[in-house]
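Using the sequences and the accompanying hints, generate a full structural model.
There are 6 protein chains.
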Amino acid sequence: MRPSGRAPDQMRAITIEPNFTRHAEGSVLIGFGETKVLVTASIEERVPPFLRGKGEGWVTAEYGMLPRATHTRSSREAAKGKQSGRTQEIQRLIGRSLRAVTDLKALGERQITLDCDVIQADGGTRTASISGAWVALRLAINALLRDGKLTTDPLTQKVAAVSCGIYEGTPVLDLDYPEDSSAHADGNFVMLQNGTFAEVQATAEGATYDEEGLLRLLRLARMGCAEIFAAQDRAVAGAAQ
Amino acid sequence: MRPSGRAPDQMRAITIEPNFTRHAEGSVLIGFGETKVLVTASIEERVPPFLRGKGEGWVTAEYGMLPRATHTRSSREAAKGKQSGRTQEIQRLIGRSLRAVTDLKALGERQITLDCDVIQADGGTRTASISGAWVALRLAINALLRDGKLTTDPLTQKVAAVSCGIYEGTPVLDLDYPEDSSAHADGNFVMLQNGTFAEVQATAEGATYDEEGLLRLLRLARMGCAEIFAAQDRAVAGAAQ
Amino acid sequence: MRPSGRAPDQMRAITIEPNFTRHAEGSVLIGFGETKVLVTASIEERVPPFLRGKGEGWVTAEYGMLPRATHTRSSREAAKGKQSGRTQEIQRLIGRSLRAVTDLKALGERQITLDCDVIQADGGTRTASISGAWVALRLAINALLRDGKLTTDPLTQKVAAVSCGIYEGTPVLDLDYPEDSSAHADGNFVMLQNGTFAEVQATAEGATYDEEGLLRLLRLARMGCAEIFAAQDRAVAGAAQ
Amino acid sequence: MRPSGRAPDQMRAITIEPNFTRHAEGSVLIGFGETKVLVTASIEERVPPFLRGKGEGWVTAEYGMLPRATHTRSSREAAKGKQSGRTQEIQRLIGRSLRAVTDLKALGERQITLDCDVIQADGGTRTASISGAWVALRLAINALLRDGKLTTDPLTQKVAAVSCGIYEGTPVLDLDYPEDSSAHADGNFVMLQNGTFAEVQATAEGATYDEEGLLRLLRLARMGCAEIFAAQDRAVAGAAQ
Amino acid sequence: MRPSGRAPDQMRAITIEPNFTRHAEGSVLIGFGETKVLVTASIEERVPPFLRGKGEGWVTAEYGMLPRATHTRSSREAAKGKQSGRTQEIQRLIGRSLRAVTDLKALGERQITLDCDVIQADGGTRTASISGAWVALRLAINALLRDGKLTTDPLTQKVAAVSCGIYEGTPVLDLDYPEDSSAHADGNFVMLQNGTFAEVQATAEGATYDEEGLLRLLRLARMGCAEIFAAQDRAVAGAAQ
Amino acid sequence: MRPSGRAPDQMRAITIEPNFTRHAEGSVLIGFGETKVLVTASIEERVPPFLRGKGEGWVTAEYGMLPRATHTRSSREAAKGKQSGRTQEIQRLIGRSLRAVTDLKALGERQITLDCDVIQADGGTRTASISGAWVALRLAINALLRDGKLTTDPLTQKVAAVSCGIYEGTPVLDLDYPEDSSAHADGNFVMLQNGTFAEVQATAEGATYDEEGLLRLLRLARMGCAEIFAAQDRAVAGAAQ
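Keeping their order, the protein sequence lines are chains A, B, C, D, E and F. Just so we're aligned: 25 in this note's numbering is position 25 of the first sequence, and the numbers increase by one with no gaps anywhere. Just so we're aligned: 6 in this note's numbering is position 6 of the second sequence, and the numbers increase by one with no gaps anywhere. Just so we're aligned: 43 in this note's numbering is position 43 of the third sequence, and the numbers increase by one with no gaps anywhere. Just so we're aligned: 225 in this note's numbering is position 225 of the fourth sequence, and the numbers increase by one with no gaps anywhere. Just so we're aligned: 153 in this note's numbering is position 153 of the fifth sequence, and the numbers increase by one with no gaps anywhere. Just so we're aligned: 148 in this note's numbering is position 148 of the sixth sequence, and the numbers increase by one with no gaps anywhere.
Any given hint might turn out to be false.
One copy or two, it doesn't matter: identical chains are merged, so the pair holds either way.
Here are the simulated DSS-like cross-link-like pairs (lysine-lysine), alpha carbons at most 30 Å apart as the crow flies [said to hold, decoys possible]:
1. K105 to K80
2. K80 to K54
3. K54 to K105
By construction, these hints were calculated from the structure, which means they are not laboratory data. Note that the coordinates shown come from a computational prediction; the quantities given were computed from them, not determined experimentally.
Below is the structure:
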């Protein structure tokens with residue numbers, strides 16, 4: 001029995017509010033249950049030094065957590081003067097995931113930065129970030145297409161992410177914080193709409209897992225991502241109205 | 001004529017949504033028009049080193065702006081590894097303003113941190129932060145009183161803040177971003193409900209101002225703060241239901 | 001009765017020693033009583049990135065305090081690896097105050113940096129810094145005029161600053177350290193020779209103040225600045241000999 | 001055809017030289033072909049703050065790369081003043097992998113730090129680090145057992161790691177640098193001797209991969225780790241002589 | 001012929017103004033010609049962690065240069081966020097030199113910090129710092145003896161320092177900036193009153209030097225230090241009046 | 001009697017293994033007894049900003065110590081976020097020493113960086129670094145000559161370094177760690193093959209030393225460097241085969 005009463009293969013409610021803020025070229029507030037992440041997509045007509053003059057664009061991400069997004073206040077990274085290893089690991093993962101569905105040559109020499117800021121945390125902040133970032137990126141690219149700055153769509157397909165883990169011996173989908181903090185294994189799965197993986201990261205937290213365990217997590221992830229893809233479609237459609 | 005069409009003594013719409021997040025002891029999303037700040041109040045049962053063993057508490061503030069709260073993206077302070085002078089100046093002002101209405105001895109040996117994170121910026125983020133922080137602090141202290149951790153209320157009265165400035169020769173109340181960026185003088189006024197000031201900061205940005213000009217700004221500020229005090233009352237009442 | 005025995009409207013002795021060091025284009029050692037600040041003005045034939053190619057100059061300031069300028073030693077900011085919020089707030093104030101009397105277009109594409117280093121602190125270090133910085137800036141610009149690098153004087157008038165506060169219920173001028181550390185309200189007033197203000201910053205430290213209180217501080221400031229303007233004139237005249 | 005001429009399921013030569021340095025409680029120089037990593041295990045009779053007084057120990061890792069371990073010199077992280085996201089990600093992975101085979105209660109209140117410093121890089125530095133760190137940890141714990149500081153062995157079994165990827169369409173084992181830089185997918189697999197996984201991290205670098213592709217990589221990893229386990233045994237046996 | 005017209009064995013004018021500032025337990029403004037350094041000695045009744053509980057004291061130094069002490073402005077180390085290698089090297093040298101004449105056991109569990117801040121630089125700032133620091137330390141210890149906090153004098157003798165170098169083929173004493181920047185060899189010599197050395201640092205800057213060259217520099221240093229010892233005596237005597 | 005049983009004028013075994021790593025243009029593992037330093041020479045076809053366009057090259061050094069090179073683990077400088085004063089002092093010394101034997105004009109507009117990383121420390125790491133760095137630099141320059149990128153050899157002669165000190169009253173050559181930590185005086189001597197000095201740094205650690213003492217250390221250093229020069233020759237000859 002899960003603390004939330006959910007079935008093992010049951011996602012939390014997925015909410016995606018497009019255009020949550022007004023300055024960014026794309027923005028959403030995404031919720032996986034009580035986990036809430038604000039994602040903005042910012043377009044800049046420049047690329048990082050290593051890409052200058054190569055006719056290619058770049059998609060990158062930054063991640064942050066407001067100090068009191070969590071149960072107890074954690075110190076502000078800007079005040080400490082550096083980003084933690086966890087923060088850097090997460091933002092690298094988000095960036096790679098979005099680049100997996102972007103044709104960087106088709107994007108042209110511009111950079112899109114996805115800022116993922118966790119307003120409230122209850123497990124799964126990195127997977128909500130990736131799933132929301134796709135919508136923000138989609139909206140920003142739609143603006144470029146609408147304005148005639150792009151004529152070919154550089155977004156090749158949808159990407160979504162979800163966490164799965166083994167909680168009290170049972171593989172479960174979309175771990176919330178109480179599950180996450182006591183799961184024996186915990187994985188983050190980044191999937192494309194065509195059923196392939198951009199990233200699998202599965203970590204044993206106590207007991208290790210075998211190949212069969214990993215496969216069961218993969219299948220749960222597939223179910224969860226299908227739901228997220230549908231929610232992404234609804235959000236993009238809603239934003240267009 | 002103001003860019004927004006407002007009268008010189010007209011505030012923007014004030015919106016205060018209490019309990020915007022669920023982990024903090026107090027939280028609000030405050031809006032002064034399109035400026036939106038999320039403020040959380042976090043109680044910790046410890047005080048900074050300089051107060052240890054003195055039987056007194058502390059109220060402090062931190063301020064941040066999400067990278068794309070602004071028209072163009074600014075870099076993340078956590079990534080740059082330090083907070084700007086502007087950020088530090090603002091968070092020191094917020095902390096002083098709230099301490100002006102808190103009896104630190106009555107608070108006991110605990111610290112309350114007000115985290116003010118700007119979700120969307122359109123001028124007046126520091127004054128919205130102070131005004132919202134009072135509500136978050138009020139809610140957090142109400143929780144301490146309700147739980148019996150405090151028997152005397154350490155909050156002595158309300159505090160609010162508003163900006164005023166001289167825009168195209170006319171003193172105006174509650175500057176938005178287009179006004180702020182071209183005003184000749186720009187002041188932030190922190191007032192208590194009893195009509196006294198906790199802080200006056202008035203800066204000439206082009207033409208300097210005389211005593212009469214300052215007095216006209218003070219009177220506008222008084223009008224604006226009266227509206228904010230009323231909105232604070234409504235928010236606290238709403239949170240109690 | 002003030003700890004120093006001064007009358008409420010009495011400044012400390014103002015001493016300004018021009019050309020205190022020899023490498024800077026302008027330099028002074030300014031004293032407000034026992035507060036001693038060394039100010040140097042350095043001219044560089046370049047401007048910060050945001051001004052490049054705009055045909056305008058820049059005036060900026062940096063502030064520091066020697067570790068044992070104070071009663072007890074404080075740690076060296078260079079060793080701690082960052083400047084405090086207080087330091088940044090002060091140097092931003094000094095820079096703004098000097099820019100209020102400089103025609104940046106007339107200055108041309110060059111930068112003048114005012115370094116204000118406190119040798120000995122006894123209250124009022126930021127106001128002594130501003131008042132001394134004007135003399136250093138005047139001397140540096142005189143050198144540019146003398147050398148034919150400038151033909152029009154970009155300094156539009158004099159600027160000075162003084163602190164005033166409410167000490168044991170009485171408004172007093174030019175607070176020294178014993179007064180500063182126990183005043184109920186404490187303000188810094190930056191005035192131009194024409195009687196207008198470039199900056200007013202008045203902070204309640206315990207009891208808040210009302211409009212009448214603020215006006216009384218403004219009037220004291222006006223008296224203090226008149227004395228400082230005279231001392232600045234004498235110093236500039238002395239340097240010319 | 002692999003650039004090195006190896007068969008798809010062929011590891012590079014594994015060399016493990018125990019006791020490479022003399023001060024550390026355990027040390028090895030491990031080579032996976034031309035990749036050479038020096039790993040030392042340092043025992044300290046203290047634990048990090050979050051574990052104090054809990055009767056448990058801690059195993060952690062730090063990772064570094066000498067500036068000229070690579071084809072072109074990269075800047076020294078100590079000189080830049082911070083560790084890259086990549087470095088932090090790798091050292092977190094190494095630490096988790098070793099903790100997966102350590103009974104921290106049995107270790108008692110002491111910390112063992114595995115320092116993994118890459119002397120020469122040719123792909124697979126993190127997997128060589130994990131595989132070598134196990135030997136260094138084994139040697140350090142053997143010393144504690146020999147000295148009577150421990151009576152129960154806290155190391156529950158062996159752990160090893162290897163990278164696999166899809167190179168020119170073919171799944172291959174133990175990628176070297178030329179393969180790593182052009183592989184379509186790249187995974188790091190951390191396995192225990194009992195056949196279970198402590199960590200799977202598989203990233204698409206260009207084309208995404210499907211479940212079948214992931215399973216083929218898992219099977220190659222299993223073959224590679226079997227070879228590493230044997231090399232670890234030989235190294236521990238050699239050190240004992 | 002030296003640029004200043006001095007004889008090869010001629011020091012610049014040595015000026016030592018004791019009690020230059022009033023808060024420090026000891027302070028001097030020392031001048032070697034146009035090089036001016038403010039040195040303060042601060043006593044704290046605590047020792048660094050590595051000495052706690054050992055019944056010994058510590059003497060340490062910090063060094064800084066005001067941004068415009070030099071011909072062209074250099075950036076402020078506090079603003080850059082770190083001290084240069086040169087700064088650290090110099091402050092380590094000053095600390096060692098003073099410890100060479102202090103009986104740390106006799107000092108008791110307290111720390112004396114010598115802050116050496118260069119007001120104006122014209123070569124020889126580190127040797128002026130050491131020579132002035134001895135006077136500041138002497139004054140601070142005299143205060144401890146006078147107040148009865150010490151009954152035995154922990155200062156065992158005098159220490160002074162001077163630079164010597166080979167300028168246009170001739171060994172010269174006390175290099176000023178024009179000499180320093182073109183000397184072929186440049187040494188700093190820290191001597192005790194008894195004729196022994198606490199430190200010799202002689203660096204070839206272009207042509208290397210032989211043993212005979214080094215000996216000639218040593219002899220010049222001995223002459224220079226004799227003059228400095230006399231000036232130190234006069235300063236201490238003057239301060240006592 | 002020295003702890004190691006060596007005669008006062010006896011060096012430890014000098015071992016120099018050329019081409020220890022394969023990516024660097026020059027590399028050696030140098031040992032002075034149990035002190036082992038890996039030195040690599042990296043050629044880059046660019047110079048630091050202060051030399052751009054001047055037709056000159058640059059030789060510089062960086063120094064690091066692996067965390068467990070020492071008896072007890074010290075923290076990693078990359079993790080602490082800054083290099084210690086000791087590290088910076090040493091790397092500045094190494095750079096100066098190598099530049100003393102390099103004709104920077106003949107080198108052309110390129111930079112050679114000597115990375116000296118201490119694998120195991122037992123006293124004398126800086127002198128072993130300098131002595132090994134010369135071999136790495138020689139090998140790198142030989143490669144430039146062989147490839148026709150240089151036609152004139154910019155290395156003017158050999159440089160070596162050794163430490164000497166006064167241990168229990170006796171001047172001894174090449175201090176190991178037990179001697180170093182209790183010597184009364186400790187010097188580092190950097191010599192050229194022609195018998196001149198590039199650098200002498202002699203520090204009293206307890207008792208100061210007189211001129212005669214210094215001369216005896218100089219003579220020991222001369223004997224030690226003669227041995228190192230011979231070992232350098234053998235290493236370069238060995239690398240050529």
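Out of the numbered hints, which ones does the structure contradict?
No hint contradicted; all consistent.
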